[in-house]
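Undergrad: Work out the full structure, taking the sequences as your base and the hints as a guide.
Chains as they are written, first to last, in the numbering used here: chain D, 1 to 540; chain Z, 1001 to 1329.
In short, the hints are calculated from the structure, not lab data. Since the model is a prediction, treat every value here as computed from it, not as a measurement. Quick reminder that beta carbons are idealized off the backbone N, C-alpha and C, glycines included. Don't take each hint at face value.
As the list claims (entries may be wrong) - Output of the computed footprint for chain Z on chain D, the stretches with three or more beta carbons under 8 Å from beta carbons of chain Z:
#1 15 to 27
#2 113 to 127
#3 226 to 234
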Amino acid sequence: MAAVKTPKPDELIAIRYAPPETPWMETPTVFRPGTWSYSGGAKSLTALGLPNPRAWQPPDEDWKLPANWQSIILEGLRERLEKYRSFRLFMDICVRCGACADKCHFYIGSGDPKNMPVLRAELLRSVYRRYFTESGKRFGKLAGARDLTIDVLKEWFYYFYQCTECRRCSVFCPYGIDQAEITTMGRELLSLVGCNINWVMEPVANCFRTGNHLGIQPGGVKDMLEFMADDIEDKTGVHVEVPLNKKGAEILFVTPSGDYFADPGTYTCMGYMMLFHEIGLNYTFSTYASDGGNFGLFTSHEMIKRLNAKIYAEAKRLGVKWILGGECGHMWRVLHQYMDTMNGPADFLQEPVSPITGTRFENARATRIVHIAEFTSDLIRSGKLKLDPSRNDHLRVTYHDSCNPARAMGLFEEPRYIIRHACNHFHEMAEDTIREKTLCCGGGAGLGNDENMEMRMRGGMPRAMAVKQVKEKHGVNRLACMCAIDRATLTSLMDYWVPGVTVMGVHELLANALIMKGEKERTTDLRGEPLEGKAADEAL
Amino acid sequence: MNLIAALIAVLILTLSALGIAFSATLSFLLTAILPYAAFTVFIGGFIYRIVKWAKAPVPFRITTTCGQQTSLPWIKNNPLESPSNVWSVMGRMALELFLFRSLFRNTDVAIVGQRPVYGSAKWLWFFGLLFHWSLLIIVLRHLRFFIEPITPWIKSLSTIDGFFEIGVPTLYLSDVAIVAGLTFLFLRRMTVPRLRYISLVTDYFALLLLLGIVTTGLLMRHFFPADLLHVKNLALGWVTFAPAAPKGVGTVFYIHLSFVFTLLVWFPSSKLMHMGGIFLSPTRNLANDNRMKRHLNPWNAPVKVHTYEEYEEEFRDKMKLAGLPVEKE
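TA: This is the structure in structure tokens:
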């Protein structure tokens, strides 16, 4: 399939918020190119033992579903209503007040009313009412109920894969109804009849086999990390070691594979390595647990658990004391809210204590995994790092709170503390677009693929425009974030809406400023860009 | 279309109530049998729904955090937006229940100069809060019909509510407030295109029914006074299980009563159950202490995983080639 041309920003921003003439139940779903993702490949499904592997694509008339697909879905629905209070409750108590409606970045960017969280939920709720409530069975449409038809299933697929599970709506909902929970269930149900997207399923299949979403094999992981170590030596003159699968290390470090695969994530990864070297941390990377990220979160609860199991297993095998997690969004949703419940208890680990500062991370005493921002801000606070923020003077930085650390952890101050100590020019975006109200990159939850580009640019528009505002006001040229998906998707987003702004991880910013023992005079940052003042000096 | 369906439903109710008012048998039904039936359905249904929700397990702790987590001691946490213990959770829930904290955050958005601009939109919060609080006060005020002698706090409540002593009988503030609240919610649903688009028949019906109850109540108080003594006798009759057919209460009273009973019967199966459901919402009523305390999932089932042994089995040669340690040579 040929790549679809994304409309120009001027065309895309002409958004109409007027709903169509036809009622939503009668408005057909159109799979417009640029707004949907390719189907999950049969190979991946087979590798994972998932149902109905076959060749098909969403615009096809015939989705090649099993003959009894309706009963499979309805049985799946019944099972989930019994297993999740959240789901049952969220099906029942919405009053359609509409407070969530214009909080969704996909609605703000598309004007499509089915992207209002309330209506996205109604897509599923209407079926729930029809088969699981008395009023729905009896009064049908009058009670907001409708039959489960193939068109309804296609509509689910289209709109549950136009939700990035960012949970912004749940902040504004008076009852805390969380669309991410409903989208997750919708995707689980679709997966039961073999309807998945490839940008989720292929990484999941890779991750299950090789330990990381990109399918990098053990030697590859080692090569990449060593390549980065060489790069660090070039830039700083300091040789850092690459501990890998090391038994007896004190700490297992897990990070999203995006961090060691492609720019600009690699600079963040170099940042971790430089930091750990400088403080003399006894840690190890792992090739088996080579991805903290978990695309299972975008598939099903079962898949979260299947992919996450390796982390505690590897920590146990290597005999580490505790686990440290790198910069990632959805990875931290899993580590913070699911891992211990699914694959714990972590009784073979110790309560995390920083070997450098002696700080006890009380808030991680059960799960025994510490977020790198917690770890690093403690180092700075304890005066263990020498930082020269002027090395980041060529950067005017703003910070994007990634959805999951923001709304599933409440990790707001730690990264900001690091940023404030690592650079001199930090400018926050508008109040309505940061912290718990942060706006999604538009490409999370498995939607960061190229065929879905128009929808990504639409969904990311609110975030991009907030960046544009600080760019115009303060000359911001760098967008910092703490998420590997962000580092990839925000880069395309900035190129499209706000050219001239590039994306970085917080630990790249830190590493630029980090004064290392035995380093040579630094004339460039980690990207090889000249430091302010240094280039001019050399020219003289 | 949905609005019309809801209007028709309320009209049918009104006509039925009128029919009842003019038939001795039916009015006996309404005043002596239906009160018990409606109340039973309401209480029974309410409990049934709550139990059904409560019986569903909470497999994961999925708190939505709206403020700084509790982490390092020198970082100020936000106990009400990201509670890490039970007291903070209670504080957060109290804010939600009594002040509609989350709704207070409400904003609206418009594309201005090729850019989304967010504006404050507290009206929904204000009128929503106005409606719910005035409804509560009105329900409590109505207790005076069911209790003899009237307890002092109900009297005080009525006195405060009628503080400005406008008109005879005194106009209650809560009555004005509930009319304002319901009217706003209704007009908003009718006129904002995206809200009209998402509104179901039942959304209009709920508002119209409540408006009907309020209107008939106001009519009885200020325009077609019902004989309060008879109303009280009737209500006391219900409480003492000796309902007596009321005299001189007027047609409006029958409509009022029919609406109220309809509300009671419909309530448990409707979205109005958010009244009970809000207490159970896992994104709000759980502490953000995920990494401090292990949360148990009662149905945590084993899944197929890819073990290290299987991994090494596949990649052993490559690992050795890369100089990586292996478990089995």
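Undergrad: Are at least 3 residues of the segment 15 to 27 of chain D within less than 8 Å of chain Z when you compare beta carbons?
TA: That given contact holds, which follows from 6 residues of the segment 15 to 27 of chain D lying within Cβ reach (below 8 Å) of chain Z.
Undergrad: Taking 8 Å as the Cβ threshold, is the statement that the segment 226 to 234 of chain D is covered by chain Z upheld or broken by the three-residue rule?
TA: violated (count 0)
Undergrad: Mind checking, does the segment 113 to 127 of chain D have 3 or more residues with a CB under 8 Å from chain Z?
TA: holds (count 5)
When held up to the earlier numbered hints, the structure conflicts with hint 3 and nothing else.
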